[in-house]
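A.B. asks: Each chain, written out:
There are 2 protein chains.
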Amino acid sequence: MNEQTIPIINAEDLMANAVRALTMDAVQKANSGHPGAPMGMADIASVLFNRFIKIDPTNPDWPDRDRFVLSAGHGSMLIYAIHHLLGYDDMDMDQLRNFRQMEARTAGHPEYGHAKGIETTTGPLGQGIATAVGMALAERMQNARFGDKLVDHYTYVLAGDGCLMEGISQEAIDFAGHMGLGKLIVFWDDNHITIDGPTDLSTSMDQRARFEAAGWHVQEINGHDKKAVAGAIDLARRENRPSMIACRTMIGFGSPAKQGTSGVHGAPLGEAEIEATRKALGWPHDAFEIPDSIYQSWGAIAERGALQRQVWEDRLIQSERKEDFATTLASPDAKALQSAIQILKEGLSESMPKVATRKASEITLDVIHNVLPNLAGGSADLTGSNNTRAKAMMPVTRHDFSGSYIHYGIREHCMAAIMNGLSLHGGFLPYGGTFLAFADYCRPAMRLSSLMEQPVVYVMTHDSIGLGEDGPTHQPVETIASLRAMPNMDVFRPADAVETAEAWELALLSSNTPSVLCLSRQGLPTIRKTHNAANMTAKGAYVLREATKDRDVTLFATGSEVTIALEAADILEEQDIQAAVVSVPCFELFMRQGDAYRLSVLGTAPRVGVEAAVRQGWSDLLGPKSAFVGMQGFGASAPADDLYRHFGITAENVARTAANLIS
Amino acid sequence: MNEQTIPIINAEDLMANAVRALTMDAVQKANSGHPGAPMGMADIASVLFNRFIKIDPTNPDWPDRDRFVLSAGHGSMLIYAIHHLLGYDDMDMDQLRNFRQMEARTAGHPEYGHAKGIETTTGPLGQGIATAVGMALAERMQNARFGDKLVDHYTYVLAGDGCLMEGISQEAIDFAGHMGLGKLIVFWDDNHITIDGPTDLSTSMDQRARFEAAGWHVQEINGHDKKAVAGAIDLARRENRPSMIACRTMIGFGSPAKQGTSGVHGAPLGEAEIEATRKALGWPHDAFEIPDSIYQSWGAIAERGALQRQVWEDRLIQSERKEDFATTLASPDAKALQSAIQILKEGLSESMPKVATRKASEITLDVIHNVLPNLAGGSADLTGSNNTRAKAMMPVTRHDFSGSYIHYGIREHCMAAIMNGLSLHGGFLPYGGTFLAFADYCRPAMRLSSLMEQPVVYVMTHDSIGLGEDGPTHQPVETIASLRAMPNMDVFRPADAVETAEAWELALLSSNTPSVLCLSRQGLPTIRKTHNAANMTAKGAYVLREATKDRDVTLFATGSEVTIALEAADILEEQDIQAAVVSVPCFELFMRQGDAYRLSVLGTAPRVGVEAAVRQGWSDLLGPKSAFVGMQGFGASAPADDLYRHFGITAENVARTAANLIS
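Here the protein sequences line up with chains A and B, keeping their order.
Residue numbering for the first sequence follows our numbering, starting at 1 and increasing by one per position.
Residue numbering for the second sequence follows our numbering, starting at 664 and increasing by one per position.
Possibly wrong hints are sitting among the right ones.
Calculated lysine-lysine pairs in the DSSO-like style (CA-CA distance at most 30 Å, straight line) [to be verified]:
(1) Lys1017/B - Lys29/A
(2) Lys692/B - Lys359/A
(3) Lys54/A - Lys322/A
(4) Lys985/B - Lys998/B
(5) Lys717/B - Lys942/B
(6) Lys779/B - Lys985/B
(7) Lys692/B - Lys354/A
(8) Lys1022/B - Lys29/A
(9) Lys625/A - Lys1288/B
What the hints contain is simulated information worked out from the structure, not anything from laboratory work.
Go ahead and model the full structure; you've got the sequences and the hints to work with.
C.D. replies: Structure (C-alpha cells):
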C-alpha cells in the first residue's frame, strides 16, 4: 500500500465504526431494532459514501444526485447514522436517541418523507431493489431526453439475503439485465445469516451465476476490505450493464460474542456486549458521542456534494433545455390536461360510442399523451388487452431510452415497484396495466405507492365476470373491495368513456394518492349523453338520472353495472316505482365530499347497490334499508352475458330486488 | 432407428396431432381460448404421457399416481384433449364441444375439482410450478414415512415463459433446488413468444444458467423431436436433483400462417387457417372427430396405468403400514384433536396466562402435534417470531424428509403455493407463518387456496399496530379487511390463548375452507377465565360479558382489542351505562349462524366496533346506530402502547365513543 492510501483507509475505518457505534447505541436505547445489518454493511457504506456518492445534504432533492436505496430496510440505523454524520439538518443526535419512538423521524424502517434524503420506503423485502430498478430506468430515460450534462447519476442498492430470496428480486434482476441499466449497482450483503439461522437452512442459490444469467456484471469481494470495495465500485461504474457486488460480510461486525449469528439480526446487543464491542473496535467514546474528526470526515462528503451540485446548477442554467427540464419535474400541466379532456368528453358525449372502458382508456391516452410529455406507460405483457399504449408511444429499449412505453414483461409485482421508482425519481408520470385480478400480484408494491403517497396509476382491465370465458382465476370479485380497503388509494370504476376520461384526469392530477382504474373488457354504452364541463367523477358519486317524482328507491352502481341500473330504473318506472340512478365511479372521493352534497346524492329513499363484486365496503354507502345485487363468491367460465344472467346481475333482478325492498 | 421405435414415434405423431386438432376445434367453437400453447406442447405431452406417466383414469385419485401440472394454464385444452383421449369418464366429446361454456367442466383455465385428474387450478402465472414444488415435496416427505413401495411418483410440470418470468417461479426454483426434489421435472415451453410479441421485448434471461444456479439439472432439446423428448425425460428421471428440460417449440405448431407468432396465443385460428393446419398436419378428419386407432393409442396409457395401480394396491394390502397410510390421507382425527384442545383450554382457563396469541398458538401446536402426525408446519424465515415450530418438530431437509417443519426461506408467496401443493397432494395438513402485513405477498396463492377449497392454515402474526416499532410497512391496517373480502376464507382473530386454541381446532377440522389466524405480537390477558367445553369461536361471535341489566350499548371487538372493550365496559359501568361485550373471533363463521343466534348476540342496543384496523367490513355487523374505534390510515413506528394511545384505541376512548353514541 502506498502512503496516500493508508490515511484514507484509517479515516474510513473510523467513519465505519461511527456508524456501528451509533447503531448499537440507538438500538440499545430503543430496546428494539436491527443492529446486525448496519454493523455488517458499515464498511461498504463508508467507502461508497466517502469515495463515490454524489449527494448534497443541504439540497437533498437535487435532481442529479445519486440515489441510495437501503433495500434491507430493517438496517435503517445505517441511513440514520450516515445522515446524522453527513449533517442532514433534520437528523440531529436527538433523532438517533429517539430511534423508533413516536414522532421521531427515525422510524423502525426508513420511511419516505419522514426524513430528508430517504429515497424510498423499505422494509418489505425485495421492494427496495425493484424500486431502485425503476429509479435507474428513470435516470436512463431522462438521460436520453436531456443528455449527460443534466442527467448522469448512479443508483446504489444495499440488499440482503431476504431481498434476493423474494420473487420480486428476480423480476427486477431480469428486467434490469434486459434493459442494460449500467448505472445500477447492487451490493449484496452476503452474511450467510437469516432470521431462522444460517442461509443454508433454506437456500443453495449461486447468486453470482444467477445474476450473470440475467446479464449482470458480477464481482465477489470481502465486504470489510475497503480497498476491495472501492475497486469493485470503480469497476462496476465503468460497466454498461447493471452490476452486482457480492460482499462477504460478518453480520454484526465488531460484536465479539454475537457477530456472525442470527442473534445480532433483530435485537439489541445488550450493555455488556456493547462494551465488549467498543473494546474490540477500539472505540473509546461514550454512547452517542462522535469525535469532531469523524464528523469532519463525513462532512467532507457533504462539501464535495455541495460543490458537485453547484457545478451542475451552473450547467443547468447554461442549458437550452432548462425550462423543459423543469417542466418534467413539475406537476403536470393541469390546464392543458383539463382542456384536452374537455374536448374529448364533448366529442364522446356527442358520438356516444359503445366501447369497453379499457378501449376508452386507450382513446384517452392518445389525447393525454399529446399534452403530458412525461407520461411513462406500460403493461405486464398485456398491451393489447389492457389497451395501455397510446399510438404515438415508442417502446423504451436498452438501445434507445427516449421512448415512453415500457414492456414490463410478465412481472406485475416488479412493474408496480418500478412505477414507484419512476415516480420517486421524478421526471415521469408512470402508469402500468395488468388484469384487475392480478392486482394481487402487485399488492405489496401498491401498498408502498399508497404509503409513500406516489400518484402512480394502475390500469387494471377485465374488471369483473364481464371478462367471461377465462373464468374465476381471472375474474376479480373481491379485488375491488380489497383495494378500497387500502388507505390512500383512489379506486375508480368508470361506467363509460366519459367517466374513463374524467378518471384519467383525476388520477394524473392527484399529487399524493395513487389510483386504480378498474376497466371493463366488455363494451359499454355511453351513459353521459349530455356534455358536462364539470368533472362529475371528481365527486365520487353523482345522480345520473333523477326520479321524475319523489324517489321511491335509489340505485347505486359502478362501472359496467351502471347501464344495468339504468335499465332497471326503466323497468321500475313501468311499475310506477320512481328510481333515481347514482353512478359511483369512486367511493373514496365521494366519502371526501361535504355532508350536504353527499346527502343530496344519497337521498332518503331505500337504496340498492349494484356491482359485479362482493358487497364488502358497500354497507357504509347503502345504510340500513338497503339491498345489494352482486357476487357472493367466485365467478365461473362462460361467455359474459351468460355469467351476468347466471349470477343474477341483470336489470330484471335489480328491479325485482328494488321492488321487494320497498314493498 | 430400430424397427421397434418407428411405429411408436408414428403413433405419437398422431397422438399429438389429435391434441392439436381437438384444441383448434374447441377454441374455434367457443370463439375464445388459447390454441398456441397446446399445439406447441402437444409433442412433449404425447411423449410424456405415452411413455412415462403413471395415472389411472378410472382411479384419478390413486395416491401414488404421477402428478401432472399445466402451469401454463391458459393452455387448458391440452389437459382436456388428453383427458378425453385417455377416456376419463367425465370428459366426453360434448365437454370439448362446450369448452368455456356455462356448466361445462372445460373451463377457460383448468379448475381443480371441475373435472377428474386436474391436479391444481392454474392460470395465474407461476402458481402451477410453485404448487408443483409443494406436491414434489409432499412426495418426498411421504416417501420418507412410507418407503418406495408405497410412495414413488413424479411431478411433471409444463411451464411457459410467463411462469418463468413471474417472481414466484424464482422462489419455487430456489426452494426445489435447495431441497433436491429429484422427482420434479419441469418442461419449459420455450417458444420465444409472449402476448406482447417476441420474448426479447422484455427478457434476456439465460434460463439454463438460472436453473443451474439454483442447483437444477438442465437439458435443452427440440420440443418437437420426440426421441429427444423421451431421452431427456429418461435422463431427468434418473437425476436426484430437480430437472428442467428447455424445449424449443413453435407456438401453434402446425398452423402454416400463424405458428411462431403471438397471434396464435389467445385467439381462435379461424376456419380457413384450421383447414390449412389440417392439411399441413396431414389430418384428414372432421372437427371433433378422432379415429379409433388414436383412441386406442391413448387408451393403452390408461390400461398401463390401471395395471400399475393394481400392482400398487397389492403392495399396499401387503404392507404393514397400510392403516397408517390410510390415516395420513384421511381427514384429521377430530375426536383426538378436540379432546386434546379441551384439556388445553381447561388448563388455560385455570392458569390464565398473559401471552401473545402467537405464543398461545405455539402452545397449541405443541399439543396438536402430538395428535395429528401429518401436520406440516413452517415459516417464511420468521420461526421465532411466528412461533410456528412445535418443540417436537424436526426440520425437513434434503437429506432427511422425515421431519415436519419446513424452512420456507424468505419466500412468502411460494410458501403459500407450496402449502397448496402439500394439501392437494394429500397426506399432510400444511400451515405456514409470516407477518400479517406480508399476507399481501402470499395473496395470489391464498386466493387459490380459497378457490380450490384447500384447508391450508395461514399463521399470520404481528397482526396490528400492536407490533410497535417496526412501523407502518409492517403494520397491517387494511389486511384483515382485504382477507375478509376473499370468498371462502375464514379469518380468525383470537382474543386470548383459549380462543387461539379454538381457532386452531376449527382451522384444522375445516374440510373445504382455508383459514388465516391473525395473532398478536403483544401479550394479552386470558379473557376466557371459566372453562367452557363448547368451542365458542365456532360461533364466530359470542357474548363474552353480558350487561348486568338491559344493554345500553354492545361493544364488539376482535383479538387484542377485546381486552380494551372489557375495560371500556368497566368504565361505562361506573357511569351507569350497561355495556355487553361481544368477542368476534371470526366474522365469516358468525355470518353463517342462524338468525336467532345472531340476533341474540347482536342485541338491539347501539353498537360500537373496536378493531385496530380499518372499518371496512364492520358496517354489516354494526348496523345503523353505531360507531367504530379503529384505524383511519397507516400506522407509525413507536412502542405499541404509545401507538394505541396515539390512534385512540383505548378503553377510555371506546367508553367515550359508546357514551356519545347513546347520549
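A.B. asks: Taking the hints in turn, state whether each one holds.
C.D. replies: Outcome of the hint check:
At roughly 26 Å between alpha-carbon atoms, Lys1017/B and Lys29/A fall within 30 Å of each other, so this suggested pair holds. For the given pair, Lys692/B sits about 26 Å from Lys359/A by alpha-carbon distance, which is consistent with the 30 Å threshold. Under the criterion of a C-alpha separation no larger than 30 Å, the hint pairing Lys54/A with Lys322/A is consistent with the structure, at around 21 Å. A C-alpha spacing of about 21 Å is found between Lys985/B and Lys998/B, which places the hinted pair at or below 30 Å, so the restraint holds.
Using a Cα cut-off of 30 Å, the hinted pair Lys717/B and Lys942/B is violated, with the two alpha carbons roughly 33 Å apart. Taken as a hint, the Lys779/B and Lys985/B pair is honoured in the structure, with Cα atoms around 25 Å apart against an allowance of 30 Å. This hinted pair checks out: Lys692/B and Lys354/A have alpha carbons roughly 26 Å apart, not beyond 30 Å. Simply put, Lys1022/B and Lys29/A have alpha-carbon atoms about 26 Å apart, close enough for the 30 Å limit, and the pair holds.
Straight-line distance between C-alpha atoms of Lys625/A and Lys1288/B comes to about 13 Å, which keeps the hinted pair within the 30 Å bound.
When the structure is compared with the earlier hints, a violation turns up for hint 5 alone.
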